[in-house]
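Listed below, chain by chain, are the residues.
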Amino acid sequence: MLELKNIQVRFATGSHAVHAVRDVSLRVAKGEIFGIVGTSGAGKSTLLRTINLLERPSSGEIRIEGREITGLDAEALRAVRLRTGMVFQHFNLAHSRTVEDNIALPLRAAGVSEDRIRERVTQLLELVELADKRRVYPGQLSGGQKQRVGIARALANEPPLLLCDEPTSALDLETTESILDLLAGINARLGVTIVIISHEMAVIKRICHRVAVMQDGEVVEERTAYDLFATPRHALTRELIEKSLNLTLPPRLLAQSKGTLIRLVYLGETAEEPILASTARLYSVHINILHGRIEYIGDRPIGILIVALEGEPERIEDALRHLEIQVAKLEVLRHG
Amino acid sequence: MGDTPLDVLFSDLGKALWETALMSGISLGLSLVAGLPLGFLLFLTRRGMLLENRALNLLGGFAINLVRSLPFVILLILVLPLAKLVTGHTTGPVAASVPLVIACIAFYARLVEVSLSEVNTGVVEAARALGATHWLIVREVLFPEALPGLIRGFTVTAISLIGYSAMAGVVGGGGIGFLAINYGYYRYETGVLIVTVALLIALVQAVQMLGDRFAHRHDRRGR
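The listed protein sequences derive, respectively, from chains A and B.
Read in order, the letters of the first sequence are residues 12 to 347 in the working numbering.
Read in order, the letters of the second sequence are residues 3 to 225 in the working numbering.
In isolation and in its complexed conformation, chain A is listed as follows (with noise of 0.2 Å):
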């Protein structure tokens, strides 16, 4: 569907030359929805806009259905940008004009005609759940209802690619829950290949297929976003996720538990066997659960525990490794 090749952007600003990405090739298939994260500053908001040559990269290039668009005239690249769509964090639109309009724009880039796009207008709204909107200004409605406007504005042309820089992030919880799940919806019922860039974790873990880890400019790791959950490799990775999942002790509990503290993550089936029942019996250790929960990614579980272990200390060396035998990953926070 998308392929970037050593894509490079660097800026000249004034004195100093700033290199946004460094060499980052990419493949994203059919139906996927990739995700891009990192920390601001990273490049991914520059490398997003590449794709339809809104920042042109200094070296490159950038097939999109097999086409190589770098070399394209401004009308071929009209074109290509006509089956791209395109959601901002900042939702930019015209708030001159009411909500039928916004939408309505890139169906008169297109030259449809104005009964062809009233109808079309009618199904974006429901696909949206705006119906009720049509002839509202978009400074009458709320943050998630822009981003609605947006998407529905995006989708105008049945682009069979959506590129989105940070749609939720100037979203509130609850309303950035909404919006993605009508992406994800979209990705589904549409089959429309997605692009997201976000610095939330969360975002990433809600919807995406795969993901590409950007510092720097560069992309640090791409896996897909179970993988990436369960065993992160970067340190930029594991951070992320880290913040996240937020499995930090409180200092009371550290205080006060006794034993080996040890942090287990264990996927797919067998975050549902009783793996720590079977240890506590198997080489008699008492085993205290501090902290943990379940996450699912797509609907695959990745469960992480905090446990203290209690005992003998041949006993706890034995349990540790019958237990690094069963799980995904065994971390010894703190030895008994």
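Calculated directly from the structure, the hints in this document are not laboratory data.
Just so you know, even glycine gets a beta-carbon here, dropped at the ideal spot from N, CA and C.
Please note that the accuracy of each hint is not assured.
As the list claims (entries may be wrong) - Some but not every residue of chain B turned toward chain A, in silico, with C-beta under 10 Å:
1) R56
2) A57
3) E127
4) V140
5) V143
6) H220
Assemble chain B onto chain A, guided by the hints.
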């Protein structure tokens, strides 16, 4: 003859009002026809904009600054030969409209540029990203988004014009301002002066009110 203020007003006020209306109409009409596109051109040829063109942008900016840096009285005299060429006269409201038109176009074009630069660039970018042509972006985004500002700028231009047109009296342009200077100032007809000044104040107030109301009606921000 010993004209009383009342005589003067009866005999000349109607004519003066007509002359002011004529000069304003010609100047405002043409500043809309020429100043508006010139303002768009200045904005669109800026760096990073749709029609980025440094040479054209600098040239347009320079021409506007040139006109705007001249005191209007000087401009009035400088373009007399041009006025003669275009209208066939050097005096009268039509001839005086030539420098007024030039001043108003330059003035309004700059205000148009300022209004356009206040339009959220994100909206323009969204339209570009979704495949809109330049013309569609101008028509569907830039113009409607800037409209309240364009109207307010036009109001400011109209009010400046009323002030400028008083100076057109220097070349026999006529108008209310001319009446005020000629009778009220040179001939010490205080009564005429007061009436004409009151009339000018009322005119400016009316234009401002009308402009504000019209601009407000087209302002959708936050509503």
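Hints versus structure:
The interface hint given for B:R56 is violated, since its Cβ lies 16 Å from the closest Cβ of chain A, which is over the 10 Å cut-off. Evaluation of the B:A57 hint against chain A yields a violated restraint, the C-beta minimum of about 20 Å exceeding 10 Å. A distance limit of 10 Å between C-beta atoms decides the matter here; for B:E127 the minimum to chain A is near 6 Å, and the interface restraint holds. Given hint, B:V140 at the interface with chain A, is violated; its Cβ is 12 Å from that chain's nearest Cβ, farther than 10 Å.
With a cut of 10 Å, the hint placing B:V143 at the interface with chain A holds, because the nearest CB-to-CB distance is about 5 Å. Taking 10 Å as the C-beta cut-off, the interface hint given for B:H220 holds, the closest approach to chain A being about 7 Å.
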